[in-house]
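Engineer: For the sequence shown, my numbering gives the first residue as 1, with consecutive numbering after it.
Hints listed in this document are in silico derivations from the structure and should not be mistaken for laboratory results. Quick caveat: nothing in here was measured; it's all calculated off a predicted structure. Worth double-checking, as some hints may not be accurate.
Claimed, not checked - Pair by pair, the computed Cβ-Cβ distance ranges are:
no., residue 1, residue 2, range
1, Ala118, Thr143, 22 to 30 angstroms
2, Asn2, Gly124, 22 to 30 angstroms
3, Thr213, Gly124, 36 to 44 angstroms
Unchecked claim - Lysine to aspartate or glutamate pairs mimicking EDC-like chemistry, simulated, CA-CA at most 20 angstroms apart:
no., residue 1, residue 2
4, Lys270, Asp126
5, Lys270, Asp247
6, Lys270, Glu314
Backbone N, C-alpha and C define an ideal beta-carbon position, used for all residues, glycine too.
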Amino acid sequence: MNPERATHDLRTQLGDFLAGHRPDGVFHVQPGGPGSVPALADLDAPELHLDLLPDPPTQEQRAALTHLGYRPQTERTWTHPSGWRLVLCDHTSGWRAEQAALQGVLRHDPHAARTYRAAFTAAGRDHADHTLRPAALTHHARTVGLTPARQVARLLAPLDAPWMIAAGYALDLYLGHTARPHDDLDVILPRYVQARLPELLPGWRLDAPIDGTYRPYTAPLDPPHHQIHARHPDLTGVLMLDLLLTDLRGGTWHYRRDPRITLPLDRARKVSPEGLPYLAPEAVLLFKAGAAGRDPRGKDEQDYQRVQSTLTAEARAWLHGALTHTRPDHPWLTGLE
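With the hints as constraints, model all of the structure from the sequences given.
Structural biologist: Quick look at the structure:
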């Protein structure tokens with residue numbers, strides 16, 4: 001398999017979402033699977049892990065894959081006659097990031113590769129992936145861990161404003177360890193500082209997701225639009241920064257989906273022992289609870305199960321109250337009582 005050629009063909013036939021002004025196409029492609037590891041190349045077919053929008057793919061996209069020679073094996077797995085497998089990533093599970101972490105340990109630790117081979121031979125791919133998951137996480141925590149958070153902290157150091165890390169990385173900072181690999185790094189910024197981003201991030205690609213498409217970011221980005229995706233080749237361990245413009249006026253954090261729900265900024269903004277600011281876990285979990293009519297994603301449910309028992313009584317009461325107001329039927333409410 002020539003990954004570069006295969007990726008080029010996928011972007012050409014399916015469209016390149018990153019090119020902008022289109023609601024569909026290839027978001028990301030990376031090699032994966034044990035067959036992509038030199039020490040395990042004889043064990044299985046090499047894979048390409050494809051992030052494709054929308055999910056599931058349209059009939060036109062399926063036809064384009066067929067045109068490229070791919071044949072469906074399962075809902076998310078396609079094979080190519082030249083000998084590789086295409087896997088459509090599940091955007092809700094964190095599988096892509098877990099597979100990247102697995103690649104990391106298998107490529108750099110001969111003992112891990114031998115252990116994987118034995119597990120694969122004994123009981124197949126799923127068993128081998130499960131067996132190596134702890135080693136992959138340990139290797140990822142050691143080689144990547146908080147590196148993206150430290151990188152962004154250096155970039156935003158000149159900013160005299162209460163920025164903070166959000167989402168999964170915020171929970172890692174709260175827990176004091178890397179709980180799982182992450183696809184991106186979410187960073188909350190006061191909306192009023194956005195004009196400084198080109199100065200703070202020179203050489204970065206900045207895109208604004210607007211109405212389901214990418215547009216080159218230009219200030220100001222007005223409500224309800226609030227996201228800026230930032231990419232740079234030197235960003236370590238994640239695909240991008242997800243910069244989230246947030247209302248922090250008056251020393252108060254406002255929940256974007258319902259601004260009536262607030263926290264005093266000195267309670268919403270925590271700081272880790274090494275000085276990295278992050279959003280309080282109860283506020284992170286409120287986002288992870290999902291919007292109205294949508295259940296939590298698989299990785300968000302896992303994050304909740306990891307964190308909920310560690311919350312203070314005050315944090316649990318606040319999250320219970322916020323969910324009662326926004327999602328009175330939410331399954332997490334029982335566990336927060």
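Engineer: Tell me, which hint numbers fail for this structure?
Structural biologist: Of the numbered hints given earlier, the structure breaks just one, which is hint 4.
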